[in-house]
Amino acid sequence: MKKLSQCKIGEKVQVIGLSLSEIQSQLVELGLYEGKEISILYKAPFGDPIAVSVGEYVLSMRVFEADQIWVENVNINEEDSVIG
Amino acid sequence: MKKIALLGNPNTGKTSIFNRLTGLNQHIGNFPGVTVDKKTGILKNNNHSIEILDLPGTYSIYPRSKDEQIVYDILRNPSHAEYPDELAVIVDATNIERNLLLFSQLYDLGLPITLVLNMSDVAFKRGIKINTSALEKNFPGIQVCETNARVGVGIQQLKDVLSKEKQNIPRNTFIVTPSIIDKDDTIAQEKESRFRYDKIKKILPEILEFEIKNQRKNSWIDKVTVHPIWGYLIFFILLLSIFQLIFSIASFPMDWIDGAFVDLATYVSQLLPEGVLSELITGGIIPGLGGVLVFLPQILLLFLCLGILDETGYMARAVFIMDKLMRPFGLSGRSVVPLISSAACAIPGVMATRTISQWKERLISILVAPLMSCSARLPVYTLLTALVIPKKNLFGIINLQGLTLFALYFLGVFSALLMAFILKKFIRTDEKTYLLLEMPDYKPPRWSNIFMSLYEKAKVFIWEAGKVIVLISILLWALATYGPSNRMKNAENRLKKQKSSLSSEEYESKLSSVKLENSYIGIIGKSIEPIIQPLGFDWKIGISLLTSFAAREVFVGSMSTIYTVHQQDEKIGLIQTMKNEKNKYGEPVYTLASGLSLMVFYVYAMQCMATLAIVKRETKSWKWPLIQTLYMGFLAYAMSYFTFIIFS
Chain D
589 MKKLSQCKIG EKVQVIGLSL SEIQSQLVEL GLYEGKEISI LYKAPFGDPI
639 AVSVGEYVLS MRVFEADQIW VENVNINEED SVIG
Chain V
0 MKKIALLGNP NTGKTSIFNR LTGLNQHIGN FPGVTVDKKT GILKNNNHSI
50 EILDLPGTYS IYPRSKDEQI VYDILRNPSH AEYPDELAVI VDATNIERNL
100 LLFSQLYDLG LPITLVLNMS DVAFKRGIKI NTSALEKNFP GIQVCETNAR
150 VGVGIQQLKD VLSKEKQNIP RNTFIVTPSI IDKDDTIAQE KESRFRYDKI
200 KKILPEILEF EIKNQRKNSW IDKVTVHPIW GYLIFFILLL SIFQLIFSIA
250 SFPMDWIDGA FVDLATYVSQ LLPEGVLSEL ITGGIIPGLG GVLVFLPQIL
300 LLFLCLGILD ETGYMARAVF IMDKLMRPFG LSGRSVVPLI SSAACAIPGV
350 MATRTISQWK ERLISILVAP LMSCSARLPV YTLLTALVIP KKNLFGIINL
400 QGLTLFALYF LGVFSALLMA FILKKFIRTD EKTYLLLEMP DYKPPRWSNI
450 FMSLYEKAKV FIWEAGKVIV LISILLWALA TYGPSNRMKN AENRLKKQKS
500 SLSSEEYESK LSSVKLENSY IGIIGKSIEP IIQPLGFDWK IGISLLTSFA
550 AREVFVGSMS TIYTVHQQDE KIGLIQTMKN EKNKYGEPVY TLASGLSLMV
600 FYVYAMQCMA TLAIVKRETK SWKWPLIQTL YMGFLAYAMS YFTFIIFS
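So the sequence lines, in the order shown, correspond to chains D and V.
Here the first sequence is numbered in the numbering used here, starting from 589 and rising by one per residue.
Here the second sequence is numbered in the numbering used here, starting from 0 and rising by one per residue.
The shape of chain V in the complex, shown without the other chains (with noise of 0.2 Å):
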């Protein structure tokens, strides 16, 4: 199959281009060794099918940041396994001087090449017009299609221009000794740039049929956006609407997906025969597949407002005014967003470090993203403030329990800007640090494109995270389900005899109890108890920490499972029965200094497997996952450590 490399600048409506020509035959897959997404798509256009491979946009083929280099690795390497056998190249027509600099370096190359011409109506409208036959003069060879790929205009002569065979004829360059030169040789390539400006320069007035040059204003959006006042409070605003919107809205899908999952276990297991078969599909799989499905509304909102910020260029102004502030921590206005979406959910926000074209910073972001409070520390929170801390005010306002709740986000948040402070100094890396980013204008968001990428994150997180959260499930199932069989039989046994004096309710929910305190997991928890003692756990505690690492909310359930309290009237019961908790020595287990111990290793703690799998399909490896799960467990135990001391 004939394959076509689509290139341009970034903001010039490539992906819309992309999108259009491939529809949603699209595939994410991998270049080896390159954190950057393979992006291709297959064209069909009447009994053509052309593979059309997405490359990141860039404004030069030399390579400015690690995602760009895959562009340079492939066009200076005839014999690359994703070589293109054409070229198609974005021009955006508003921007027609900075856009040429780099379609002429593709040009150079000597592959048949389409000009894209792109957005040629905003042109117009800002008096600019652009002459296609000059512009197929001073490049000769080349095809010039002109689109306005928002509403769709000139997709189907693009497809039928991209379908048709082209012979590689030998053509004159358009500087005359064009050659690749070395990607780190800035010097060389420096020279060769004005070269190419110069020339562009010469010709640019016979390609421009006409250029109203009107002084370029402030617009009065960015007058509020980028205010001292405004600005901030209009990001603040902005996204405590989100917050809003994704914390009273995604609630309603995520109890519909839990449900159903619920249901469909019940259902399957009466359909099933007994046995280990049944158990494993009911206790296992069915829950598995409910834990990964249950995390998509959360971030399909989250991803959907941030997808209409970006789209409507909202976000580069964001990045804008907050660089400044971020920089002390080694971090730039690009992590605000990603770093601001890991209270929701650390997910969303790993995979929105991918705008961050700096790889250092991006990992960094990526590493202290799961330290800012998510929601599913809440319930864990909101239990164990109930628990252990009194219903009082301090000074007559200030609730106490709202103040821990607090103190615990604000820990979270400051110690994810620590980290990054200190991560800064430890991760190595030959990349400078720079913010080059353009503004794009405002524009309305282009819903297709928005739709577009929320399916794919939607596929990516599906699959790619699905598999692990998935194979995770069923391992801590088979754990908790199991143990050594006489082990569970003697303890069973001995609930048997006490069976007639208990309610079949009470002997249920004592059967669920005996069983997860005897199986594997059980046994693990209680194994770990001196070395958790010290933080003022015991082995109940330590058992729900282990089963905590599905998703940190199972702490609740894994809680009542263990303390026998019946579904209903959960969360009163579960909190009278640890409030009465004594241990061998008699005394309360869940204290001030425990329970605050407790709440700092959620804190810390990194119990969360669907955000693993994320960090490790972003990074493209599980050395960063690895390397976080120990830190912030580190963290976690010595936090806790700290916290248990002070207060006891």
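Chain D on its own, in the form it takes in the complex (with noise of 0.2 Å):
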């Protein structure tokens, strides 16, 4: 368990949970709840803000946005499943 501020780029990690917070609602309605799987897909220039793949769009925020984020690693190989 770690923060996404923690993460890498291209690190592909699953939600678990949010800190309490004042955006903690904001966050779940942009589609950061718990199982979500995200990725890290670039950083700014001084590591802040950063971009998140999260489903289908990329969404950036701040380190301290992504300090309220906590995450796992997930398994690689279950990518690229068919759903249909």
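Be aware that a few hints might be false.
As a list, the in silico PhoX-like pairs of lysine-lysine whose alpha-carbon atoms are at most 20 Å apart [stated by the list, open to error]:
{"hint": "1", "chain 1": "V", "residue 1": "LYS323", "chain 2": "D", "residue 2": "LYS596"}
{"hint": "2", "chain 1": "V", "residue 1": "LYS165", "chain 2": "V", "residue 2": "LYS2"}
{"hint": "3", "chain 1": "V", "residue 1": "LYS222", "chain 2": "D", "residue 2": "LYS600"}
It is worth saying that the hints were derived from the structure and are not from the lab.
Relying on the hints, combine the two individually framed chains into one complex.
So this is what it looks like as structure tokens:
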């Protein structure tokens, strides 16, 4: 278990919880609910803000916001699955 | 008339759909007590006329910024004046899961609802296919319309669906016990959102006919645009090109407009019989109108460039790389473009702050934007540098005049950032500061959207700022033309006695100089002399400071009138006359100290009624333009005073 802010570029992780904060409900609305798989796409110079791939879109946030998001690494074998 | 509210997440093509539905039948108004504009349009289809209300793009009906509050306020309250009869919700097919959250919240309001599935062509290319009948099955009672607003596919069908009469049939809600939660109860909201996502995830396999999940990769463009070196370099080059474009192109139409209004005034003065009416029209109203229109080329060109950057998706990257640098000053990456635009003209700069969703940050950006030295200050700076700064080189290479000009611009930028830092401590707000910004995909700009927004901005500027500008122009003209009648007459008579010794041209320019000196504005200029004397200014400068309120560059024109310089070789003549100007002790008026002090005054003083009018429009109150004028006036006085003391 670690914070999203501690992840490296390219790392694929799963959201396991959010810290209690004022933006908690907004983070859920944006799709960062428990179980969501996300990955870090790129970081701004100086490492802040960061851009995160959330499902089908890219969300940028500051390290402060990323500090509220708890994640764990996921098994890499599960990708490229087809639903339908 | 039936009223349909248009809702949707940001970046779903909502603006495109609104433009396609209403065309030029759009109107910008106010919601009482709110700073966000009320955008409505009329959809005309066959014999139907429907009012479309374009609400701000949001991810949820619960407000996350002051601008989003209006969505919540309207939808929660069926007796609200803007409460719609029906809803049309834009859903981005490429991002169905997140878009369905808002849709399901709106569905549970119980109003007739149309789901506008936009961008399914883009989704298909990415390997996503949406089953529309599965959507209709999971949300009973809705109508689904597939559109591709970028090219206009599906718009006619959408118009037909929206014009149809719909019955308000009671239906089951998407989640079992929905209710509009209090906007501050974020814990209950979070719980409900999780609940909604759980249900959406359950129905998703049915709705997605197929989805080929491919891991999102870094596009090569993003690798470059957010790169620590290339990213800043690209941003810098883009800004430099925009400024080059504005300074090289905008001056042509600006000169045409200037010339056209001078010609118009001359023409009208020949048509009308001499008198007050003719003078009012040719001296007050026509120049006032010209003073409004002359800003348009700069504003439109700047917004054309910014519109392209925004439409292509680059703007979000610029915000991304500039964010950290702006934070120490209480600003974010979103303030960068409005502030830099203000170095061309504060009017588009202030208007561009609308993209800043957080009110406090937006207000600070608006308040400090006019401190950036705009193009109207340049004529004042160049005149004064030529006057008091020697044409010498420092260490043999650095041109002193150029260095002064650079220092003035730097002083503006530095002061804007410093003031932002100070204002951050003073302005109270209950909004939280965070950055959660969607990075849209790069795409070619939709020109129709850009031109619609240019049209809208031009309309807003001409009507809203125009009123104020014309009014103040007339006031300034009246103050500069009229004076206590005996005083004006006496001065004129004194001059008439010398008439025989002067050429008619000399007489005319002397006459206008004497008239200005004895006008009300001249009297005010003289009466403020004791106040501005500590800054090294005399009453002649005082008059020009007052007339500059129309626009800063008017300073040069007023100076020419006061010093009776002929229109030809205005600049050289003016500099020579000003250089020889002596005060009552026989000392030169324009020394290094007083010249620098005057330049510093122009860096800080809020002498632009057009900007004030726009600040009033954007903040929807006269409170902020007033505060801005006062704090900038105080800074101007204090800084000029110190400059004068240091250099004398």
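* Run the structure past the numbered hints and jot down the numbers of the failing ones, going up. => When the structure is compared with the hints, none of them turns out to be violated.
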